Amino acid sequence: MTLNVKYNNKSNKSSIYVPELARINKIQQISPTEKLFDIVFEDDKNQNNFNFEPGQFVELTVFGLGEAPFSICSNPENKDFFQLCIRDIGNVSGALHRMKEGSKIGIRGPYGNGYFPYEKMRNHNIILIAGGLGLAPLMSLVKYILHHREDYKEVMIIYGAVNPENILFKDDIQYFSSRNDISICVTVDNPDAEWTGEVGVCTKLIPRVDFPVEDTCAVVCGPPVMYKFVIIELEKKNYSSEKVFLSLERRMECGVGKCNHCHIGDKLVCVDGPVFSLWQIKNLKEAI
Amino acid sequence: MLYKVMGRDVFKDFVKSLISNYEFIGPKRKDKAVHDFVPIKDISELDINYKRTTIPPAKKILFPPDEKLVAYEVNEKIKVRPVVESSEKVLFGINAWDINGMNFLDRFFVTDFVDENYLERRKKLIVIGMDSEPTETNFSPSMDSEYAKDGFDLYITELKDRYFIRINTARGDEILKKYSVTENALVKDFKDYNNYMDNYRKKFKLDVNIKDFYDNFELIYDDDEFWEKVAKNCYSCGSCNLACPTCFCFNVKDDIELNLKDGNKTREWDSCMLPEYGLVAGGHNFRPDKENRLKQRYRCKLKTFLDKFGRYACVGCGRCIEVCLAKINIADNINSIKKEVSV
Amino acid sequence: MSKPKVGIFGITGCGGCQLEILNLEDQLLDLVNAVEIVHFTEAITEHSDNYEIALVEGSITTEHDVERIKKIGDIAKIIVAVGSCAVSGGLNCLKNLYGVERAKELVYGDKKDWIDSIEVKPIDEYIRVDYYARGCPPNRLEIVDIIRSLIIGRKPEIPNYPVCVECKRNGNTCVYDIGITCLGPVTRAGCNSRCPSSATGCEGCRGLIDDPNINAQKDLLAENGLTVEDIINQFNLYNACKKVEAKESSK
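Protein chains in written order, with numbering that gives the first Met the number 0: chain A, 0 to 287; chain B, 0 to 342; chain C, 0 to 250.
Be careful, since some hints might not be right.
What the hints assert, rightly or not - Label-pair ranges, simulated between beta-carbon atoms:
no.	chain 1	residue 1	chain 2	residue 2	range
1	B	N284	A	E100	31 to 41 Å
2	B	K78	C	A42	33 to 43 Å
3	C	A42	A	E193	58 to 68 Å
4	B	Y146	C	N169	25 to 35 Å
Simulated from the structure, these hints should not be mistaken for laboratory data. The model shown is predicted, which means the values in this text are computed figures rather than measured ones. Beta carbons are placed, not taken as given, at the ideal position from N, Cα and C, and that holds for glycine.
With the sequences and hints as input, model every part of the structure.
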């Protein structure tokens, strides 16, 4: 038989499709369309074994209703619980938005061998570019970097939102602004009367960044339409395509490289990504 | 590999013993157009002289069209358990290209994360191969698939007055010993087997020039006119995928009974040719056009797994050509890509 | 959680869709436990105007139908059109091909003026429809799935792929291979390929998928010996109200 089975499964469960039980501990409405969920595994053993890298995602089951992938947005060093920032947009997310604190859900993961490569990014300046809900996966990287601040040089966040009320993680943003070792610039498409910040798409802020080419990494996450324009701006800066990292969204239905919905070229976003270097993406037609 | 020969007189008894001792799946005539691999209770139902089949036999057994993966009970407490069901079966009469298709699925389902639902069934599947008549759309020699060197327990080749048997597993050897009488294959047997194979290969009429596709595809990829022409009549119906022995895409669904207590996760075959395939929550579709989807299918079949596994995800069985009501012909298209670039 | 109140109504149709619900057998009891059925034209004598979900069978063919459907539209929070007549007008629409007056004359002769009959329309020409359980008859399991989805709060999954998908999953022989024409390649699945599974061509009772390749289908039917008129008749059987023959594939 050609079957040459090598078990790489992290858990020794008998099926890769079985979720572990978890509980929604806390729910915060952080914008008109987004809520932040604190999640803890029911079984302490699962909670203790749950180690994730920034940029990884989980598959979340609402029992009887469906399963969907969500990026983790909390600090990987926080072992007590993890957080998901979820927009009310589909069947599963809609059901989550109707749930109460204490509700039970199922979790599989963390998944994604391609996470934000924080090891490679050490001793570099870091630009983080986020559009809309794309800030969520980047938050876990920002929090990791702040946790190990001395390992990194300058850190700058460029964040674009549709309008002021849609700005996510306002408390965190305020906290970042109060620190002098990280700079953050928020821009909105549609300002209201009170808005005093930047107006327009986040790409127009990129030319202002003056980090040196040789020791700068850029990290990008946002809606599909954003990538092309951000890449053009970053390429003007001559950053190495191996030091620009982008988190891609696709339909990651199984999370374990089997259902194939997230297939781009020879890569599967769920297993090989969701974070790819710009060099990898340049070699994947239809990625952007 | 061990090589034996079996007399014509004992072959029928051997098959009969298998039918009475195992859950036996073999080819049976379905209607005037096709055969189907179904459970066989009596040797009279078995018809090994088949040409066209519906769903590829190994895929049908190992990766059924819909399948329960997880069951749960939602009460005060939620109980979740995996559903992995399998039973020992004999798959009899599967041909070489379908075995090679199964070998691809074997590799796919156990790479990275191991799919227990597939693996458990595969471990219990006794595969006994036999050659079948290629259809007019078959190009398996171009894909190195008209001959199987692995993946079966026994492969039986029908010579004029006897059967030449390749034994690939200890399990196959035991079955043969238990239910039949064989002799070691000798020089003459090998000679006849070689003659047979030479003649068998001549039955495949369609030749596909897959060489250089790997690079040429990237050039033709951006030629919108080419793809518009190829995909013009595509129904986006997924028949090509669903009939393919190596296609493995699936959807996972959660469902609950009307009592709102008993729920499950099931998977069902999906197809990359359906418009919803690339759709994500929020309404963005990463592959909205049939041209994009067709390109993606060709890439997946003919490039992606060359990179990953060093083999094509196509065994040249020609089913996708047969089932396509729009007459989209992967063999013609591969050849015309080569021609387009060579001119 | 209180059970949602459901009304099941028949406008102009054969009543077969309601029978499909009664044919649920085992699941009928679960259904009755999951929702409170307050009105069911074919099955219960009581009737009520207090319901949240309305399942409506039949098309609109008389002024009286118009009044009834508007009332249902005013009361129900969620409206599910059940069966081809309600969804697309169904077979009733064949009347429109003659024109209302000519059809009345053909059927009722000199008594035609006694008859209240108007141009046939599906119910969504008069009221908002939230979900469509297509088919003639509809797939009863799909009706259950729509109700279940409404209870648990998710969007019911109605396939937007052609019948070919279900034929292949079911391992059917393509009916074109045995000399039968079929609208399966452009018709919305969800019937579990009912007709082709019995070696009969699909007649398109569930209507077209969102982006059907009509030109390819015309080519295919013509190759199989059908005239332009035959082809239009095929498309019109269940879809005369929707005038599909004029609709071209966008791609």
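Against the structure, the hints:
Taking 31 to 41 Å as the suggested C-beta distance range, the pair N284 of chain B and E100 of chain A conforms, at roughly 35 Å. The beta-carbon spacing between K78 of chain B and A42 of chain C, approximately 36 Å, falls within the hinted interval of 33 to 43 Å. For A42 of chain C paired with E193 of chain A, a C-beta distance near 60 Å keeps the hint of 58 to 68 Å intact. The hinted window of 25 to 35 Å between Y146 of chain B and N169 of chain C holds, with their beta carbons roughly 32 Å apart.
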